[in-house]
Amino acid sequence: LKFRKAIEQARPFIWLTPALLLLLIFFIIPTIQTVWLSLNTKIEYRESGIEKELIDVLSSSGMTVTRKTRVSSIENWKTHITKVCDRLGIVLDNDRIIRLTVRETSELLIMKLNAKADRTGSLSRFTGLTQYLSLARDPSMRTALRNNLVWVLFFTVFTIVLGMSAALLIERVGWGMVARTILFTPMAVSYVAASVIWSFMYDASAVTGTVNAILKFLVPVVTLGFKSFSEVAWLGSRYTVNLALIAAGIWMWTGFCTVIFTAAIRSVPDEMLEAAHIEGAGPVQLFFRIILPSIRSTVLVVTTTMVINVLKIFDLVYTMTDGGPFGESEVVANYMYRTAFIDKNFQYASAMAVILFMAVIPVLIANVRNLFIEESVH
Amino acid sequence: MRQSRSNPLVHTGLALFVFLWLLPSLGLFISSLRTRAAMNDSGWWSALLNPLSLTISNYIDVVTTGGLGRAFINSIIISVPATILPILIAAGAAYAFQFFRFPFRRTLFITCIGLQVIPLQVTLIPVLRMYNMTGLSGTWPAVWLAHTAFGLPFGIFLLRNFFANVPYSLIESARIDGASEASIFFRLILPLAVPALASLGIFQFLWTWNDLLIALVFLGGTSETAPLTVKITSMFGSLESGWHIMASASFISMALPLLIFFSLQRYFVKGILAGSIKQ
Numbered sequence: 048l049k050f051r052k053a054i055e056q057a058r059p060f061i062w063l064t065p066a067l068l069l070l071l072i073f074f075i076i077p078t079i080q081t082v083w084l085s086l087n088t089k090i091e092y093r094e095s096g097i098e099k100e101l102i103d104v105l106s107s108s109g110m111t112v113t114r115k116t117r118v119s120s121i122e123n124w125k126t127h128i129t130k131v132c133d134r135l136g137i138v139l140d141n142d143r144i145i146r147l148t149v150r151e152t153s154e155l156l157i158m159k160l161n162a163k164a165d166r167t168g169s170l171s172r173f174t175g176l177t178q179y180l181s182l183a184r185d186p187s188m189r190t191a192l193r194n195n196l197v198w199v200l201f202f203t204v205f206t207i208v209l210g211m212s213a214a215l216l217i218e219r220v221g222w223g224m225v226a227r228t229i230l231f232t233p234m235a236v237s238y239v240a241a242s243v244i245w246s247f248m249y250d251a252s253a254v255t256g257t258v259n260a261i262l263k264f265l266v267p268v269v270t271l272g273f274k275s276f277s278e279v280a281w282l283g284s285r286y287t288v289n290l291a292l293i294a295a296g297i298w299m300w301t302g303f304c305t306v307i308f309t310a311a312i313r314s315v316p317d318e319m320l321e322a323a324h325i326e327g328a329g330p331v332q333l334f335f336r337i338i339l340p341s342i343r344s345t346v347l348v349v350t351t352t353m354v355i356n357v358l359k360i361f362d363l364v365y366t367m368t369d370g371g372p373f374g375e376s377e378v379v380a381n382y383m384y385r386t387a388f389i390d391k392n393f394q395y396a397s398a399m400a401v402i403l404f405m406a407v408i409p410v411l412i413a414n415v416r417n418l419f420i421e422e423s424v425h
Numbered sequence: 002m003r004q005s006r007s008n009p010l011v012h013t014g015l016a017l018f019v020f021l022w023l024l025p026s027l028g029l030f031i032s033s034l035r036t037r038a039a040m041n042d043s044g045w046w047s048a049l050l051n052p053l054s055l056t057i058s059n060y061i062d063v064v065t066t067g068g069l070g071r072a073f074i075n076s077i078i079i080s081v082p083a084t085i086l087p088i089l090i091a092a093g094a095a096y097a098f099q100f101f102r103f104p105f106r107r108t109l110f111i112t113c114i115g116l117q118v119i120p121l122q123v124t125l126i127p128v129l130r131m132y133n134m135t136g137l138s139g140t141w142p143a144v145w146l147a148h149t150a151f152g153l154p155f156g157i158f159l160l161r162n163f164f165a166n167v168p169y170s171l172i173e174s175a176r177i178d179g180a181s182e183a184s185i186f187f188r189l190i191l192p193l194a195v196p197a198l199a200s201l202g203i204f205q206f207l208w209t210w211n212d213l214l215i216a217l218v219f220l221g222g223t224s225e226t227a228p229l230t231v232k233i234t235s236m237f238g239s240l241e242s243g244w245h246i247m248a249s250a251s252f253i254s255m256a257l258p259l260l261i262f263f264s265l266q267r268y269f270v271k272g273i274l275a276g277s278i279k280q
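Line by line, the protein sequences give chains D and Z. Using the numbering used here, count along the first sequence one by one with no gaps and you end on 425. Using the numbering used here, count along the second sequence one by one with no gaps and you end on 280.
Source of the hints: derived by calculation from the structure; they are not laboratory data. Quick caveat: nothing in here was measured; it's all calculated off a predicted structure. Any given hint could be a false lead.
Residues from chain D that face chain Z, not an exhaustive set, calculated with beta carbons under 8 Å [claimed, not checked]:
no.	residue
1	P65
2	A226
3	I307
4	F335
5	L339
6	N414
7	V415
Calculated lysine to aspartate or glutamate pairs in the DMTMM-like style (CA-CA distance at most 25 Å, straight line) [stated by the list, open to error]:
no.	chain 1	residue 1	chain 2	residue 2
8	Z	K271	D	E100
9	D	K159	D	E100
10	D	K115	D	D140
11	Z	K271	D	D317
12	D	K49	Z	D62
13	D	K115	D	E100
14	D	K130	D	D185
15	Z	K271	D	E421
16	D	K49	Z	D178
17	D	K125	D	D103
18	D	K125	D	E100
19	D	K52	Z	D178
20	D	K49	Z	D42
21	Z	K271	D	E218
Ideal placement from N, C-alpha and C gives every residue a C-beta, glycine not left out.
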């Protein structure tokens, strides 16, 4: 009977195990490892150390060994080499070094070591917070942080304000749902496709670039011919590149906000709106006095979603500018990608990832607290 | 206020919105139908006056010689399992969270959901190292597993919310009738949950189809395995292909997501609302 009860209790875990295992392997353990990695510094093996070690080991046979000695001329060379390889944790084909000198062998070993380190990131040394100190002094990181802040500010404010404006307009016309679908469509498109779409919009020529052509037409009209417009390389100028990228992001995400806000506005009770209307409230008052207060929690949720989204912005920047011109549009996620997967410095990149992680911790805590409250009601 | 007074200003404002939102895609779409020579000479809008000059030759070129056909197939190879797997696993977990009582249920559930906000970047490096050590790096299962795991928190959240509306008495009576848990799950719960599974499926499919980062990191960027996003990014970076080619390539990559989006928009909207509005 006891056995039966044990099975009974284990039953939910049969359903849970695949999910919990995956979350453990892909979220929890990696997060801890990343934090640990960020407290280490990558070691680059240098020639002198390995060369000296080789000479020391090989001389133990009792022969004079210099850098130019051919390795295979030394007695028991295979055992010696194996010993060094074992200590370094690499495998070396003995046939490959028969013709090599000590110096050349050490070069080969270093090549192998660094290749292995690049794959596993295992060659590192605990250095505490040094990586973070380097980050604080790194001008690229400072630009990236500044740009992330600009993204958070502009992207969030514009998606929310535009999304809300569109939702309010949609509520008031008969073809609102068609409009909503059109605003919403960019959500289905990849960042990569959006990057192509917007790079084309920003094309520097006034003949083919849509934005430049529109401005070339509009500026003289609006200023009654007092001003003319010369084309701008929107993605090539340090003054416009960030805002140009952010505009593409806003184009993608405004519809998301609109969808949520239209649903929220609809959930405001009709009687409340009627009552305010009868008391003579105009549309502006109606919005700020009635609608906004009753959908406050939704606005908050959407805002946090947007902030979390934009903190890890990567694809748009990677595809459209890769941080250029001259690193001016760099963001943390792109800099981290480059450091980790192009420069192969996993430790330094981990420190950047931890910075991103720390930025979402307040949201994480708030979410978990809300969930605990909700779940206890359940 | 609802549609009571139709103010022309409201119509104009919304029309401007819609125009601005359509313009970028419209421009690229028309460009995808123009020849290279036409693209260099004039803006895409001039083709509106001369619609007979449009051609689909760019699409034929990009699929036959541009290697985009291979990338399209790769995208499907990645997305289909990476959509089905997380749905099944998330459904199982959501089922357990909703219909069983066990110690630490609440804490476990909240932990699963809370993981949603962790940026992908935090986990990429250790996961890649694990893949390198196990030889999984650059293989399809590597991306499938990663997409599955990264899709789970939202999936569990969405499905558990849906299951919360299924009356517990339904499960109880099935249990009393002697149905096994597996048959309750597959015969009773999953059929009931089809709308929720559809929303989750659309989300997961769009995520995996549109993903760039996971494919870049875990597939190693060789052209035999590159999905559309990776392929287009590398074509874009090399700059040898003109706008006419980039335009048609982008629209090929958008075709399937847009088709799904327009035909199943209702479920997509439901998923978004379930994720952000308390009902």
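Now the hints, each set against the structure:
1. Below 8 Å, beta-carbon pairs count as interface contacts, and D:P65 has one with chain Z at about 5 Å; its hint therefore holds.
2. Interface restraint check: D:A226 against chain Z, minimum CB-CB distance 5 Å, threshold 8 Å, status holds.
3. At about 5 Å, the closest approach between the beta carbon of D:I307 and any beta carbon in chain Z falls short of 8 Å, and the interface hint on this residue holds.
4. Interface restraint check for D:F335: the shortest CB-CB distance to chain Z comes to about 14 Å, outside 8 Å, so the restraint is violated.
5. Checking D:L339 against chain Z by beta carbon gives a least distance of about 14 Å; that is not within 8 Å, so the hint is violated.
6. At about 6 Å, the closest approach between the beta carbon of D:N414 and any beta carbon in chain Z falls short of 8 Å, and the interface hint on this residue holds.
7. Given hint, D:V415 at the interface with chain Z, holds; its Cβ is 5 Å from that chain's nearest Cβ, closer than 8 Å.
8. For the suggested pair Z:K271 and D:E100, the alpha carbons sit about 66 Å apart, so the restraint of at most 25 Å is broken.
9. The straight-line distance between the Cα atoms of D:K159 and D:E100 is roughly 16 Å, inside the 25 Å bound, and the hint therefore holds.
10. Distance restraint check for D:K115 and D:D140: the Cα-Cα separation of roughly 20 Å lies within the 25 Å cut-off, and the hinted pair is therefore satisfied.
11. Between Z:K271 and D:D317, the direct Cα distance comes to roughly 22 Å. Compliance with the 25 Å bound is thereby established for this hinted pair.
12. Restraint check for D:K49 and Z:D62: the C-alpha separation of about 70 Å exceeds 25 Å, so the hint is violated.
13. As the CA atoms of D:K115 and D:E100 are separated by approximately 15 Å, the hinted pair is consistent with the 25 Å bound.
14. Proximity of D:K130 to D:D185 is assessed by CA-CA distance (about 40 Å); at most 25 Å being required, the pair is judged violated.
15. Restraint check for Z:K271 and D:E421: satisfied, since their Cα atoms lie roughly 21 Å apart, inside the 25 Å limit.
16. Of the pairs offered as hints, the one joining D:K49 and Z:D178 holds, with about 24 Å between alpha carbons and a cut-off of 25 Å not exceeded.
17. About 15 Å separates the Cα atoms of D:K125 and D:D103, which keeps this hinted pair within 25 Å; it holds.
18. Taken as a hint, the D:K125 and D:E100 pair is honoured in the structure, with Cα atoms around 15 Å apart against an allowance of 25 Å.
19. Taking the CA atoms of D:K52 and Z:D178, the gap is about 20 Å. The hint holds against a cut of 25 Å.
20. A hinted pair counts as satisfied when its Cα atoms are at most 25 Å apart, and D:K49 with Z:D42 does not qualify at roughly 83 Å.
21. The straight-line distance between the Cα atoms of Z:K271 and D:E218 is roughly 18 Å, inside the 25 Å bound, and the hint therefore holds.
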